[in-house]
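Here's the letter readout for the chains.
Number of protein chains: 4
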Amino acid sequence: MPLLSLDHARTILDAALKAGMEHTFKPLAVVVLDARGALKAFAAQDGTSLKRGEIARGKADGALALGIGSRAVAKMAAERPTFVAAATHAVGGSLVPAPGGVLILDGGEVVGAVGVSGDLSDNDEICAVAGIEAAGLKAETGA
Amino acid sequence: MPLLSLDHARTILDAALKAGMEHTFKPLAVVVLDARGALKAFAAQDGTSLKRGEIARGKADGALALGIGSRAVAKMAAERPTFVAAATHAVGGSLVPAPGGVLILDGGEVVGAVGVSGDLSDNDEICAVAGIEAAGLKAETGA
Amino acid sequence: MPLLSLDHARTILDAALKAGMEHTFKPLAVVVLDARGALKAFAAQDGTSLKRGEIARGKADGALALGIGSRAVAKMAAERPTFVAAATHAVGGSLVPAPGGVLILDGGEVVGAVGVSGDLSDNDEICAVAGIEAAGLKAETGA
Amino acid sequence: MPLLSLDHARTILDAALKAGMEHTFKPLAVVVLDARGALKAFAAQDGTSLKRGEIARGKADGALALGIGSRAVAKMAAERPTFVAAATHAVGGSLVPAPGGVLILDGGEVVGAVGVSGDLSDNDEICAVAGIEAAGLKAETGA
Chain H
0 MPLLSLDHAR
10 TILDAALKAG
20 MEHTFKPLAV
30 VVLDARGALK
40 AFAAQDGTSL
50 KRGEIARGKA
60 DGALALGIGS
70 RAVAKMAAER
80 PTFVAAATHA
90 VGGSLVPAPG
100 GVLILDGGEV
110 VGAVGVSGDL
120 SDNDEICAVA
130 GIEAAGLKAE
140 TGA
Chain A
0 MPLLSLDHAR
10 TILDAALKAG
20 MEHTFKPLAV
30 VVLDARGALK
40 AFAAQDGTSL
50 KRGEIARGKA
60 DGALALGIGS
70 RAVAKMAAER
80 PTFVAAATHA
90 VGGSLVPAPG
100 GVLILDGGEV
110 VGAVGVSGDL
120 SDNDEICAVA
130 GIEAAGLKAE
140 TGA
Chain Y
0 MPLLSLDHAR
10 TILDAALKAG
20 MEHTFKPLAV
30 VVLDARGALK
40 AFAAQDGTSL
50 KRGEIARGKA
60 DGALALGIGS
70 RAVAKMAAER
80 PTFVAAATHA
90 VGGSLVPAPG
100 GVLILDGGEV
110 VGAVGVSGDL
120 SDNDEICAVA
130 GIEAAGLKAE
140 TGA
Chain B
0 MPLLSLDHAR
10 TILDAALKAG
20 MEHTFKPLAV
30 VVLDARGALK
40 AFAAQDGTSL
50 KRGEIARGKA
60 DGALALGIGS
70 RAVAKMAAER
80 PTFVAAATHA
90 VGGSLVPAPG
100 GVLILDGGEV
110 VGAVGVSGDL
120 SDNDEICAVA
130 GIEAAGLKAE
140 TGA
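Chains as they are written, first to last, in numbering that gives the first Met the number 0: chain H, 0 to 142; chain A, 0 to 142; chain Y, 0 to 142; chain B, 0 to 142.
Treat the hints with caution; some may be incorrect.
The list makes no distinction among identical chains, and a pair is therefore deemed to hold if it is satisfied within one copy or across any two copies.
Each computed DMTMM-like pair below joins lysine to aspartate or glutamate, with the alpha-carbon atoms no more than 20 Å apart [to be verified]:
id	residue 1	residue 2
1	74	6
2	17	105
3	137	53
4	25	6
5	50	139
I should point out that these hints are in silico values taken from the structure, not numbers from a laboratory. No experiment lies behind these values; they were computed from the predicted model shown.
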């Protein structure tokens with residue numbers, strides 16, 4: 000598992016932002032993490048609220064923490080709310096159970112995660128997937 | 000009350016991992032704590048997600064914190080969710096209410112706890128119990 | 000006071016990274032915050048250590064927190080270490096007293112801060128300043 | 000950079016413990032982290048104090064956070080105490096600036112870190128290095 004390169008991360012970031020603008024979504028914050036959970040690239044479009052980036056990061060952190068896309072974390076939260084609340088504490092607080100936290104796979108291995116927040120979660124996820132696919136990598140949304 | 004020995008802890012750990020492999024469960028993280036809540040032995044199989052170990056630890060920490068197996072903590076969380084949410088805060092955040100956090104008893108005394116995470120919680124618990132019994136000790140799952 | 004635009008933030012980010020490469024500095028993490036302390040843009044070059052981004056952020060957070068470049072925070076830490084230690088707690092933990100956290104000024108007003116970490120602090124600061132000046136804004140290092 | 004395998008991690012752990020026993024060092028806690036900073040393997044010998052494992056982990060976490068062996072972190076702390084105190088906060092609290100946190104290198108890449116605590120820091124480091132070399136990997140102590 001090579002660490003995600005900055006080139007790949009910025010390709011993902013730019014394509015996710017571009018998708019948001021093409022769909023005329025609300026201003027987005029886009030986080031790209033490598034497999035270590037370290038921040039690799041980030042941008043917040045003009046007009047995002049004060050902690051929008053933290054919401055985006057929580058989607059990506061939660062996906063990496065549990066090894067599933069955040070759409071699956073959201074489903075788990077609906078079915079087992081106390082478990083997900085507890086897991087959030089156990090991992091240190093950054094785990095947002097809503098679509099838009101998407102694992103980045105390369106040859107079957109998790110090499111990072113993208114988190115997007117700003118519009119409806121389904122729309123956030125569309126941008127995350129567009130970003131990952133623009134880099135020639137595979138997106139795992141948790142659907 | 001003598002503290003759990005490293006020999007016992009590693010017997011438990013190895014037998015729990017072996018049970019997981021024999022059942023072809025997903026990759027597991029296995030935590031063994033002594034009666035003080037101090038980490039005694041740990042292993043994460045290849046392929047576990049970034050924070051899988053923290054989930055396993057939360058099951059074992061919760062069992063020791065309340066003096067009951069985490070299956071009973073899960074039942075309590077279903078019946079009294081606000082109490083368990085508050086208790087999680089009160090103990091510092093590491094308390095995961097799902098099966099797989101199993102008390103280790105020796106002659107009626109709690110000498111530690113095992114936490115397992117990675118597969119379905121019922122399967123995680125099977126491995127924790129197999130580990131404890133392999134060491135000739137008594138498992139208390141909270142069933 | 001208009002918030003720092005993403006266009007400006009990315010100009011700063013790219014010019015800071017370019018300066019690091021031209022000087023053949025070690026791999027850098029570069030943080031750009033707006034005046035609210037919200038993350039606006041970020042990149043970590045390939046080869047940065049696990050928490051390098053947190054160090055960079057601490058420089059920028061500290062500069063904004065106290066309203067002075069982090070070179071002045073470093074001087075304050077040398078002269079009044081207990082004050083800076085206490086201030087670090089008071090602001091929540093993210094305040095790194097070393098050069099490389101540089102305020103961004105526009106027409107005399109603070110519109111954000113840049114934090115750079117990866118090489119010697121003096122070199123980190125060179126990149127932060129190069130970034131800010133490339134965007135036609137004024138850098139306040141705390142010198 | 001492949002993730003450190005459990006086989007390698009346990010070879011490191013066992014050889015570090017064996018070195019401690021051969022030198023008749025005090026009881027040790029030994030932590031093995033992968034490149035993500037995730038706990039991979041751990042053991043505390045009988046007789047270790049309540050939070051000895053946290054000290055060992057702080058050495059390994061600090062080495063990974065900054066990308067240097069903890070002997071170099073200790074030197075940095077002696078020369079620039081306020082910077083290291085601040086970095087400790089910035090990375091979340093787990094950073095112990097004393098020898099015994101040793102990076103694991105494979106083909107020039109950091110694939111994890113070992114942390115040992117229990118005896119004198121110089122002795123702790125001897126065990127960490129012995130463990131890493133027993134796995135055929137390269138140890139970077141920060142000397």
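Right, here's what the structure says about each hint:
no., hint, verdict
1, 74 x 6, "neither (33 Å within a copy, 35 Å between copies)"
2, 17 x 105, "neither (22 Å within a copy, 28 Å between copies)"
3, 137 x 53, "neither (24 Å within a copy, 27 Å between copies)"
4, 25 x 6, "between (26 Å within a copy, 17 Å between copies)"
5, 50 x 139, "between (25 Å within a copy, 18 Å between copies)"
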